[in-house]
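*Asks:* Listed below, chain by chain, are the residues.
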Amino acid sequence: MLPIALGMAALGCGIGLGLIGFAAMQGMARQPEAIGKMQTAMLIALAFVELVFLLTVFVGAGAFKG
Amino acid sequence: MLSLFQNVQWLLAAGDSAHGGDHGGDAHAALAIEGLWFYIGLVVLISFGLMVMAKKEFGQRFFRTRISQYAEQLYIFIENLVVGIIGAHGRKYMPMIMTFWIVIFISNCVALFFPTSPTADLSFNLGMALIAVGYVQYEGMRANGVLGHFSHFAGPKMGLALIPINGMIFIIEIISETMKNVSLSLRLYGNIDGGHRAAVAMNELGEGANIPVGAFLLPVKLLTCVVQALIFCLLFCVYISLVTHHDHEEGHGHDHADDHGHDPVPATA
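Read top to bottom, the protein sequences are chains A and B.
Residues 0 to 65, numbered by numbering that gives the first Met the number 0, are exactly what the first sequence covers, in order.
Residues 0 to 268, numbered by numbering that gives the first Met the number 0, are exactly what the second sequence covers, in order.
Just so you know, these hints were derived from the structure itself, not from any lab.
No experiment lies behind these values; they were computed from the predicted model shown.
Note that beta-carbon positions come from the ideal geometry of N, C-alpha and C, so glycine has one too.
One or more of the hints may lead you astray.
[To be verified] Listed below are the simulated DSSO-like cross-link pairs for lysine-lysine, each with C-alpha atoms no more than 27 Å apart in a straight line:
| no. | chain 1 | residue 1 | chain 2 | residue 2 |
| --- | --- | --- | --- | --- |
| 1 | A | LYS36 | B | LYS91 |
| 2 | B | LYS91 | B | LYS55 |
| 3 | B | LYS156 | B | LYS179 |
| 4 | B | LYS91 | B | LYS54 |
| 5 | B | LYS179 | B | LYS91 |
| 6 | B | LYS220 | A | LYS36 |
| 7 | A | LYS36 | B | LYS179 |
| 8 | B | LYS220 | B | LYS179 |
[To be verified] Covered by chain B, according to a simulated footprint, are these stretches of chain A (three or more residues, beta-carbon under 8 Å):
| no. | stretch |
| --- | --- |
| 9 | 35–46 |
| 10 | 54–60 |
[To be verified] Between beta-carbon pairs, the in silico distance windows are:
| no. | chain 1 | residue 1 | chain 2 | residue 2 | range |
| --- | --- | --- | --- | --- | --- |
| 11 | A | PHE57 | B | VAL212 | 36 to 44 Å |
| 12 | B | ARG90 | A | ALA28 | 31 to 39 Å |
| 13 | A | GLY20 | B | ARG60 | 37 to 45 Å |
| 14 | A | LEU16 | B | ARG60 | 30 to 38 Å |
| 15 | A | PHE57 | B | GLY58 | 40 to 48 Å |
| 16 | A | GLY17 | B | MET140 | 19 to 27 Å |
| 17 | A | ALA60 | B | GLU78 | 34 to 42 Å |
So that you can see chain B by itself, here it is in the shape it has in the complex (with noise of 0.2 Å):
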């Protein structure tokens, strides 16, 4: 409870220089260990809220409360966005991605009405990229087996000449793989964190005038919200799609979409 009024507080001195301190300053008060359990309870409660109040009706012929209605348009929208990527089979995958989608747009979503929010922590955004990559890792497993999985990082066969240009390939490709924890959390960190920052420095642009001009970009921040979730689900998908398609499906658009623009695996050889 105190950490809330003190949140409260902080949100009343918003305009001042609560985010733009380079070092120190009430930011990183906020987003000290209390603050992010903080804001991770409420995105809990928010979410389980809601999820309690659209499943209500859960088995009944029509849904008739409007946030029944919502949950289902956004599932089926998602569904189809996995579907499109993934293939037929990316519908196994859809709970993970909900989750994901979820937490991550109702933790942006509390950014715009409080000072910070979950996802503007780099420690949060970590813990999640760490889920989904290992979560990829784990379903590359169990589609190709350990050793198969493990030799799709090696590159194709060429020969028993070739090995060592198998092992950099190797190196590389294990390198990659880390390094796309570092890009979904750097992602999501840097564009609701530099939404906030640009907040800022539009609120002292018109501190002389008392006009809030950091209020103008929340259309836009609200916009981030949505597409930093969107995106992060389409990552994971594009990377699930990578370890677990098959041969007998066609149409691989998105296959090539991979973070460092190396082949893609190919299919068990």
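The following block holds chain A by itself, in its conformation from the complex (with noise of 0.2 Å):
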């Protein structure tokens, strides 16, 4: 059950930062020159959509095996 569990938790992670790189990649193709700012944004926006997962994956997955 846990395999399965975790692989939900990591397609939901997947699909969040797809779409942050996605935002990300279309505003910086069409403004070039905002592409300091926006990286800045991108990466704090990656790292709380990561930190989902990783509290799955760390915390979650302890709680599950006891």
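Two independent chains are provided; combine them into the complex using the hints.
*Replies:* What follows is the structure, encoded as structure tokens:
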């Protein structure tokens, strides 16, 4: 059961990261002069999405195991 | 010295189930307190050595050696990021942020050459996160006064009848402030330790053919090293900018990037 659950968590995390990357790439392509600001904001958003997955893996899986 | 040899031995045996075991195993032995101190000493040694070499040309007109030039470029890069997030008064926080960057980056890079690193241990990260969040509280108290800083937690002024709501907001904000420690430390720990676990799992893949498949993960891990150090510093900047922003500044593009999506604290009402 645990691998399936972790796979689902990875799926959600992947979708979130992909959405952030998609929007940031699009914005950078449209406004190349704003790349610096966009990269900063993108990194922060990536960190937040990643944290959810890490919480799932390290806290959730540990709690699941017992 | 003994622990050094033990760690080298463990490095040679890293293809085995060094990290992967669920309970016990060598991973926990290396992260015992002596192992942690060994790695912290290593990081301190490397960073101080680099800084001494970079400071050698301090006060001269041009930086001629490569390390000084790299250090200058790094400083300017980080300073631009910080000024972009906090504003012009963010320059006075540069020593703190730069220290965090150097410590985290070098301890991440230690993990590329050694079996583990300080940042792959939760206690070290939690210590750094406690320092970061404590410093943010201190700066908030210095900017708004002790009472002003704590009244920030209670949300906007909504009149006498809604004081219970303010109390609830206060409790939630205190919890969210405490969770900043957890999120900062767990993010760094999860990324670095997760990289190790992934490398070990990939090593097991190529064990039959004697190919260290996990070594192909090293470029990705190097990218993770830089990005995680950067993210720690960026979030530190965001927290500082949340507690110290003033009215006369414009363009708070990053104020909404808080952890839990609540409204940013209004400027001193």
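*Asks:* Against each hint, give a clear statement of whether it holds in the structure.
*Replies:* Results of checking the hints against the structure:
{"no.": "1", "hint": "A:LYS36 x B:LYS91", "in the structure": "21 Å, holds"}
{"no.": "2", "hint": "B:LYS91 x B:LYS55", "in the structure": "23 Å, holds"}
{"no.": "3", "hint": "B:LYS156 x B:LYS179", "in the structure": "25 Å, holds"}
{"no.": "4", "hint": "B:LYS91 x B:LYS54", "in the structure": "20 Å, holds"}
{"no.": "5", "hint": "B:LYS179 x B:LYS91", "in the structure": "22 Å, holds"}
{"no.": "6", "hint": "B:LYS220 x A:LYS36", "in the structure": "25 Å, holds"}
{"no.": "7", "hint": "A:LYS36 x B:LYS179", "in the structure": "23 Å, holds"}
{"no.": "8", "hint": "B:LYS220 x B:LYS179", "in the structure": "25 Å, holds"}
{"no.": "9", "hint": "35–46", "in the structure": "holds (count 9)"}
{"no.": "10", "hint": "54–60", "in the structure": "holds (count 4)"}
{"no.": "11", "hint": "A:PHE57 x B:VAL212: 36 to 44 Å", "in the structure": "24 Å, violated"}
{"no.": "12", "hint": "B:ARG90 x A:ALA28: 31 to 39 Å", "in the structure": "32 Å, holds"}
{"no.": "13", "hint": "A:GLY20 x B:ARG60: 37 to 45 Å", "in the structure": "43 Å, holds"}
{"no.": "14", "hint": "A:LEU16 x B:ARG60: 30 to 38 Å", "in the structure": "46 Å, violated"}
{"no.": "15", "hint": "A:PHE57 x B:GLY58: 40 to 48 Å", "in the structure": "47 Å, holds"}
{"no.": "16", "hint": "A:GLY17 x B:MET140: 19 to 27 Å", "in the structure": "41 Å, violated"}
{"no.": "17", "hint": "A:ALA60 x B:GLU78: 34 to 42 Å", "in the structure": "39 Å, holds"}
Hints 11, 14, 16 from the earlier list are contradicted by this structure; the remaining hints agree with it.
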